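Working from the sequences, and respecting the hints, build out all of it.
Protein sequences, first through last, are from chains A and B.
This note's numbering numbers the first residue of the first sequence as 1 and each following residue consecutively.
This note's numbering numbers the first residue of the second sequence as 344 and each following residue consecutively.
No lab work stands behind these hints, which were simulated from the structure alone.
Take these hints with a grain of salt, some might be off.
To be verified - Which stretches of chain B does chain A cover? Using the computed rule of at least three CB atoms under 8 angstroms from a CB of chain A, they are:
no.	segment
1	361 to 373
2	384 to 393
Stated by the list, open to error - Computed footprint of chain B on chain A, listed as stretches where at least three residues anywhere in the stretch have a Cβ under 8 angstroms from a Cβ of chain B:
no.	segment
3	21 to 32
4	59 to 65
5	85 to 91
6	190 to 198
A quick note: this is a predicted structure, and the numbers were derived from the prediction, not measured.
Glycine is no exception: its CB is placed at the ideal position from the N, C-alpha and C atoms.
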Amino acid sequence: MKRILNGNEAFAYGALAAGIDFYAGYPITPSTDVYEFFEKYGKDYGVKFVHASSEVSAINMIMGASIAGARALTVTSGCGFSLMQETISYMAADFVPSVILNVMREGAGLGDIPRSQGDYNQMTKGGGNGDYHTIVLACSTIKDCVEFPSIAYELSEKYQNPVIITYDSDIAHTKEIVEVPIRIKNDINKLSYTLTGNINNNPKRIQNIYYHDSDYNNTLKNKYELIEENEQRYSDYFTEDANVILVAFSICARICIDVVKRARAEGIKVGLIIPITLYPFPKKVFEKINNCKKIIVVELNILKQMRMDVEYFTKFKYEYYSINSMSTCETVLDILNFIKEHK
Amino acid sequence: MYEMLCAGCGHRTAMMILDEIIKEKNIKEKIIMALDVACCSLLIDYVDYDAIMCAHGRVLDVTKGYKMMRDENIVISYMGDGAAYSIGIEEMIHSARRNDAVLAIVINNGLYSMTGGQVAPTYVGANVNAGVNVNVGVNVNVGADVNVGANVNAGADIIRPIVVTNVDTEGTKLSEPVSNDNNIGFKIENIIGNLPISYFARASITDKENIDTAKKYINTAFDKYIKSGGFNLVELLSPCPTNYKLKPVDMVNVINNGWSKVYKIGEIVNNV
Ligand code: SF4
Numbered sequence: 001m002k003r004i005l006n007g008n009e010a011f012a013y014g015a016l017a018a019g020i021d022f023y024a025g026y027p028i029t030p031s032t033d034v035y036e037f038f039e040k041y042g043k044d045y046g047v048k049f050v051h052a053s054s055e056v057s058a059i060n061m062i063m064g065a066s067i068a069g070a071r072a073l074t075v076t077s078g079c080g081f082s083l084m085q086e087t088i089s090y091m092a093a094d095f096v097p098s099v100i101l102n103v104m105r106e107g108a109g110l111g112d113i114p115r116s117q118g119d120y121n122q123m124t125k126g127g128g129n130g131d132y133h134t135i136v137l138a139c140s141t142i143k144d145c146v147e148f149p150s151i152a153y154e155l156s157e158k159y160q161n162p163v164i165i166t167y168d169s170d171i172a173h174t175k176e177i178v179e180v181p182i183r184i185k186n187d188i189n190k191l192s193y194t195l196t197g198n199i200n201n202n203p204k205r206i207q208n209i210y211y212h213d214s215d216y217n218n219t220l221k222n223k224y225e226l227i228e229e230n231e232q233r234y235s236d237y238f239t240e241d242a243n244v245i246l247v248a249f250s251i252c253a254r255i256c257i258d259v260v261k262r263a264r265a266e267g268i269k270v271g272l273i274i275p276i277t278l279y280p281f282p283k284k285v286f287e288k289i290n291n292c293k294k295i296i297v298v299e300l301n302i303l304k305q306m307r308m309d310v311e312y313f314t315k316f317k318y319e320y321y322s323i324n325s326m327s328t329c330e331t332v333l334d335i336l337n338f339i340k341e342h343k
Numbered sequence: 344m345y346e347m348l349c350a351g352c353g354h355r356t357a358m359m360i361l362d363e364i365i366k367e368k369n370i371k372e373k374i375i376m377a378l379d380v381a382c383c384s385l386l387i388d389y390v391d392y393d394a395i396m397c398a399h400g401r402v403l404d405v406t407k408g409y410k411m412m413r414d415e416n417i418v419i420s421y422m423g424d425g426a427a428y429s430i431g432i433e434e435m436i437h438s439a440r441r442n443d444a445v446l447a448i449v450i451n452n453g454l455y456s457m458t459g460g461q462v463a464p465t466y467v468g469a470n471v472n473a474g475v476n477v478n479v480g481v482n483v484n485v486g487a488d489v490n491v492g493a494n495v496n497a498g499a500d501i502i503r504p505i506v507v508t509n510v511d512t513e514g515t516k517l518s519e520p521v522s523n524d525n526n527i528g529f530k531i532e533n534i535i536g537n538l539p540i541s542y543f544a545r546a547s548i549t550d551k552e553n554i555d556t557a558k559k560y561i562n563t564a565f566d567k568y569i570k571s572g573g574f575n576l577v578e579l580l581s582p583c584p585t586n587y588k589l590k591p592v593d594m595v596n597v598i599n600n601g602w603s604k605v606y607k608i609g610e611i612v613n614n615v
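Written out as structure tokens, the structure reads:
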């Protein structure tokens, strides 16, 4: 069925399509539409809903539901996402799957609610204590918001690791026509590592400190190596012959698509790379580049967080430029002019 | 049996009670043990049940998430007093207010044990000899307020509360009962006693008689939880001889003659 939905609503339908069984959350702008959706309609779809006493509580209920085999979801923003980090770190260390949506807020501290991509480092470098990563999927279209939850649950169950889906508040509140897929039913008994009770005299344990074991460190290391090898995702436009390549995700990617169209119409060879997985960073796509000398990273944070990854993963061999600010997107024409000035 | 624990540790007794009950009820296949960190977590390699080690203070949330998905399972929330009443007090209140299906065992030894014996909200102290109790009371108050420090002993106790002197191994005498003083020891019934919970009982796990009583209460909590869910909590006054620097037998005396006068023992809430 086709519907007109904003990013948050589309995400809620996407999560339903992915078969979620359980939602625990705490309201925070700009993510609250999803909370309200499940509070109102969760029952109709058989999704158990809890208003947790905090984000800390919500993420721990998610962990409990996940180890019971549920496809469990929590949705948050900014400070709420920070509050969840301890348990996200636990889940990565404990090999527990889960999906968390972080609709990014602007700034540090309380910050504010305009568009922002300031959580890039927090999401891609771990975010909590210790040695771990979460897989991070960034939505740039409302269609992505519908489709990524299913991909996220599959990845999280395959690698037994939390997956973060993210976008900024422009994507959260932009409406587009999308196809809403049919809801699948999750089978809570499908995963071998789900805790069911000790039925076969072989107790299953979820832990990240081993008093007697083991090869735990290597198992953990292998997990991230496999993810980095197999799960790099991206979209690329006109990169093969481009002289200048833009790198952008979420709302910035939307703007950059128009930049590429206009530039090409004027005969300027501009390409675009949209990372879909922010972690693992899609470095493979850069290996296909031929003529390009210049890379422009367009992002919504003052510290040029993604640019550092772009430089590192392309081995510092291009000329790098940034178009970045905390919450105001440059227009298509601004970016086009920037390209012309730096030709 | 549970050899990673210290000699005389209350966790061992508590686990043996649980093991017995689970065996008697023949419900091993349904059990999920959710353990808090530190000394609780030492149990993970020994329990014969599916088990999870939770983040500190988060046991009740994890078990609630689990129980909502698999109502047929029996999920034991096993935690220390620091987890239950300090860092995890918010979710304790949340669960009690909602009367969520909870089967919780709280090991109350008044301390953060694995980190070396820092005072928990439940701290009462180990020195229960006549007259010294007053100091113990002051220590607890001062524990939250370093500036009060007029009492040099108390000041020292804040940093290192486990200075035990003069324990009477013959069975300590308690000349001034302190059980009416609500400032001593954190009593969870003052917080959740009026919320719509199913069951709250407190026992000590020191000697045969007390252990039998503890088992009776835990059994009741199991029965109520299995029959109709609801919030069921049993708190166990529990020895930690290592941090109180006492022989196990002296620790037993401290609990029987000291803590058990401060904390009410018995079935404190028992709603249908
Ligand atoms: S430190 Fe205390 S609580 Fe921990 S195992 Fe030893 S006796 Fe038990």
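- Against the structure, test the hints numbered earlier, and report the numbers of the ones violated in rising order. none
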